[in-house]
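Colleague: Put together the whole structure using the sequences plus the hints.
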Amino acid sequence: MKFLPQPSHFFLILWLAVISISLGACGGGAPVVRPSDEAGVSTNPIGSDNRDISASRLPESGSLEDASRYLQQAEDAVGAEKQALLTKAARIFLDYGQYSQAQQLYQQIQPQQLDINLAARYQLIGAKLALLAGKSAQAQSAVNRLLNSGIQDPDILGDALELLAENDIQLHNYAAALDHFIEAESYQDSDQAVENLRYRIARLLESLRNSQLSSIAQRTHNAASRAWVELALLYRESAGQPEQLSQNLDSWRQQYPDHPGEQYLSGQFPGGKPARQVALLLPLSSRFGNAANAFKSGFQHMRAADASPQAPSVRIYDIGGIPELASEVYQQAVNEGADFVVGPL
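Here the sequence shown stands for residues 0 to 344, where the numbers follow numbering that gives the first Met the number 0.
Think of the hints as simulated: they come from the structure by calculation, not from any bench.
Cβ coordinates follow ideal geometry from the N, Cα and C atoms, glycine included.
Keep in mind that the hints are not guaranteed to be accurate.
Claimed, not checked - Computed Cβ-Cβ distance ranges for the label pairs, DEER-style:
hint	residue 1	residue 2	range
1	106	71	14 to 22 Å
2	110	239	24 to 32 Å
3	236	80	24 to 32 Å
4	115	254	37 to 45 Å
5	171	68	34 to 42 Å
Modeller: This is the structure:
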């Protein structure tokens with residue numbers, strides 16, 4: 000893994016130094032992995048965009064404080080109200096990567112007492128948990144049933160399509176993943192949500208080899224998808240050739256006017272792009288929970304101490320006490336946009 004000597008990476012280098020020291024006391028080290036450094040995945044960057052999007056990483060479902068409040072309210076509630084509160088809390092835990100808590104709540108919920116939209120949300124939670132457990136067929140079947148149920152809520156439909164895209168990525172069906180991400184855009188209710196999706200598209204393309212990008216371009220029937228892929232290939236193949244890059248960009252712009260891809264695949268060569276999101280994998284709900292929470296607090300303290308507008312957001316994932324879940328959670332973190340993954344401990 001290579002760190003570039005850029006100011007935006009300074010706090011991350013500090014983090015890793017603290018990590019190595021603090022973990023020495025725990026008897027082991029946490030691997031720090033940049034997803035694009037994995038074997039078989041291209042590390043050739045498509046571009047760099049220094050805008051801070053930390054705020055955009057906050058789940059729209061609410062904060063962890065909201066989840067705690069829902070659980071407190073659920074203790075005194077009964078019937079449909081109680082089930083609604085549990086469902087809302089489970090969604091938040093899932094969005095924050097707190098999978099053990101989400102799983103526990105999911106098993107408590109009585110879906111027959113939920114209204115149509117919350118019942119659909121319950122289905123999505125189950126599908127996401129199935130995907131995390133490596134049950135791709137089960138996840139896809141659940142989402143397809145939901146999409147064919149006549150549900151009209153755009154928030155649910157958008158999330159369902161994103162989940163299909165994540166499932167496609169696990170199955171290495173990148174053309175379908177790209178198409179589903181793009182389709183999900185039409186159901187977003189804010190510019191920020193659309194931007195989040197486009198960053199996910201950019202990260203997906205950046206993680207693929209040129210041969211994989213070429214395969215997508217040949218397989219997709221979606222013009223918007225083809226535009227994304229052709230732009231990614233254009234940047235890759237024109238690296239170090241500014242005149243050729245300029246000519247190729249002009250041609251691409253004529254073919255795909257008003258396409259947003261250049262905002263997210265900026266083509267600033269050479270070098271790597273600054274990290275926008277760091278995933279921290281910890282056994283918070285296991286018998287090592289006290290040590291994991293202490294480590295989490297130290298990690299968050301280091302993040303809070305960095306005032307750089309380019310500092311990435313931190314997303315914490317609970318791997319619980321099931322070691323076998325770690326690889327699934329790691330892949331989920333990558334699918335959800337992690338530039339670096341720290342852990343599992």
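Colleague: Each hint should be assessed against the structure and marked as holding or not.
Modeller: Evaluated hints:
1. 106 x 71: 14 to 22 Å: 20 Å, holds
2. 110 x 239: 24 to 32 Å: Violated, at about 56 Å.
3. 236 x 80: 24 to 32 Å: Violated - the Cβ-Cβ distance for residue 236 and residue 80, about 58 Å, lies outside 24 to 32 Å.
4. 115 x 254: 37 to 45 Å: With a Cβ separation near 43 Å, residue 115 and residue 254 satisfy 37 to 45 Å, so the hint holds.
5. 171 x 68: 34 to 42 Å: Roughly 40 Å apart at Cβ, these two residues keep to the hinted range, so it holds.
The structure shown violates the earlier hints numbered 2, 3.
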